[in-house]
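Enquirer: If you're matching them up, the sequences are chains A and B in order.
To convert, note that position 172 of the first sequence is 171 in numbering that gives the first Met the number 0; the numbers rise steadily by one, no gaps.
To convert, note that position 176 of the second sequence is 175 in numbering that gives the first Met the number 0; the numbers rise steadily by one, no gaps.
The reader is advised that the hints may include incorrect statements.
[Unchecked claim] Okay, the calculated bits of chain A under chain B, using three or more residues with CB under 8 Å as the criterion:
| # | region |
| --- | --- |
| 1 | 64–78 |
| 2 | 119–125 |
| 3 | 162–170 |
| 4 | 184–196 |
| 5 | 236–245 |
In short, the hints are calculated from the structure, not lab data.
Note that CB positions come from ideal geometry on N, CA and C, so glycine has one too.
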Amino acid sequence: MTTGVIFTLVVIGGALAYFAWRSLRGKEIDRRLIFLVIGATVALPLIFPLEFEHQPSPLVERIYERIEALPPGSQILLSYDFDPGMAPEVQPMADVITRHVLARGHRIAFMSLWATGQAQLNQTLNNVIPVDFPEAEIERDWVNLGFKAGNEGVLRVIASDLPKMFPTDVEGRPTAGMPALEGIRSAGDFDLVISFGGGKPGPREWILFVADPTGVDFAAGTAAVSAPELYPYYPNQMLGLMGGAKGAAEYETAFMGQYEQFADMPSPGRRIMGPLTMAHIVILALIVLGNVIYFRSRRERGTA
Amino acid sequence: MRRSTLIGGSLVVVFFLAAWLIKGAGASGESPYYSAFLITLAAFLTLAVFSFLYADNPVYKFAEHLFVGVSAAYWMVLGFWQTLVPNLIPRISRALSEQLELEYIDELWNVLYVIPVVLGILLLLRLSRKLGWLSRYAVAFIVGTTAGLNFIAYTRSNFMAQISSTFLPLVGDWTSWAAFVDNLSLSATGPLALLMANIVVVLGVVCGLIYFFFSREHSGTFGMASRLGIWILMITFGASFGYTVMGRISLLVGRMTFLLRDWLGIIAS
């Protein structure tokens, strides 16, 4: 354990002890002090990294295994349905899946139902493909269909006629004849569809308007806030689910463990888990402390 | 304006200007001062929003209003250039297509492409006091079609498919229970773990429904099932809360990473 990690634990432990001492003496804690401690709890493990072991859960493993099982050259649709607010959780999933799909020799069609998703998609196109797959060619190995306004309307159209909604890619090149979209008439023709998101439209709309009507294999990577409402669709209507930063960390672990050439790749999903775990511990401690004070004051009121 | 506000504001401006110049001097690339300016501006806006945690203030208000305005404009511009222009113009006008350097789609002229244009224009008439009533036709169309289309999708996926997913086998191979107990964990797999998961799902759904069944008094066995239903609901809400905390803290981690790595350069990328 490094000095930095010990310093982090001492600061967090000291802050919690101070809160407990003040609360048990019946004094109030300024909420701004709690914000400051949460800020320190997140910042310190970023400066002095804390690493944890991750084991892919069955929901994440099924997505990984599905991509592994597809024959090279399979066509996969990745939809970036999120904004910068969800990016810390969802962008790592999108990046690692892109790496996995291209490493397996599959072809990708990128698209977005969110205007902000296109900017996030550009992050993958700028930071992942040219760095790790310089040999991957646009139109042949991947195509960027870009953002289309219309929410569920877009999904309804591509469920029956994809070229009608995407006559051109984001740069205005005609999509007809592109090898990356060879043989694709509708979204149902893809071998796998993955939506990264958490809002509306997002994975739920993909299930309702594309996966269920066409029967295409569908998986989702979602912000933690939306994960609980997607669980009921697993496993019959959804192949697998990556929920929040934990899902991203699990997928990165599975991928980096098997592909040696990517063992040192950036893994923001795993890095986020250190501060996230510490913040959870602090919040849990505050919840326990709050309950202790509540029951104590109730008992005191009862005896008074 | 109070003197202290003026001094505070000036200090903030000087601080961020200094931060920009220092960042620009240390940056590399084609236009270091421009990229340093963007990063410093993003850092300023992040800290402006964080300042709300201390108290409501004009800097926070500025950042909030800027966000709303920029978001609305961004969605509108992208929607226009990436949906309306490439999907509509090449289908209705050769001249406009050539002017916008789009490939004209030579197919039979279809009136169906004109109807959305008319409805879209009617929607914009909402801005006029005299003709605003015309926008109701477009709104009525949107409400009617959305309700109709969603009704089918929700009935199929959220009702029928969900009921079908609840019909799970509750009898299976119990002989593997010894191995299950040996490897007892939250991520245990195998036939017995699956069987137990099925029992939890079926019991959870039935008890949850019983809790919302008010035509009979919640007493006896029915009452016990109802109380179990409350527990199931509480555990669900707890899981949702836990995930929400995870999401919000992840967001904070994202902004902290930006401040510490991209702006201050304290942590490595």
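Enquirer: Now look at each hint and say whether the structure bears it out.
Expert: Hint-by-hint comparison with the structure:
Here the region 64–78 of chain A counts 0 residues with a CB under 8 Å from a CB of chain B, which misses the bar of 3, and the coverage is violated. For the region 119–125 of chain A, the stated coverage by chain B is not satisfied: 0 residues place a CB nearer than 8 Å to a CB of that chain, which falls below the threshold of 3. Counting residues of the region 162–170 of chain A whose C-beta lies closer than 8 Å to any C-beta of chain B gives 4; at least three are required, and the coverage claim holds. With 0 residues having a beta carbon nearer than 8 Å to a beta carbon of chain B, the region 184–196 of chain A misses the requirement of three or more and the stated coverage is violated.
Evaluation of the coverage hint for the region 236–245 of chain A: fulfilled, as 5 residues show C-beta separations to chain B shorter than 8 Å, against a requirement of three.
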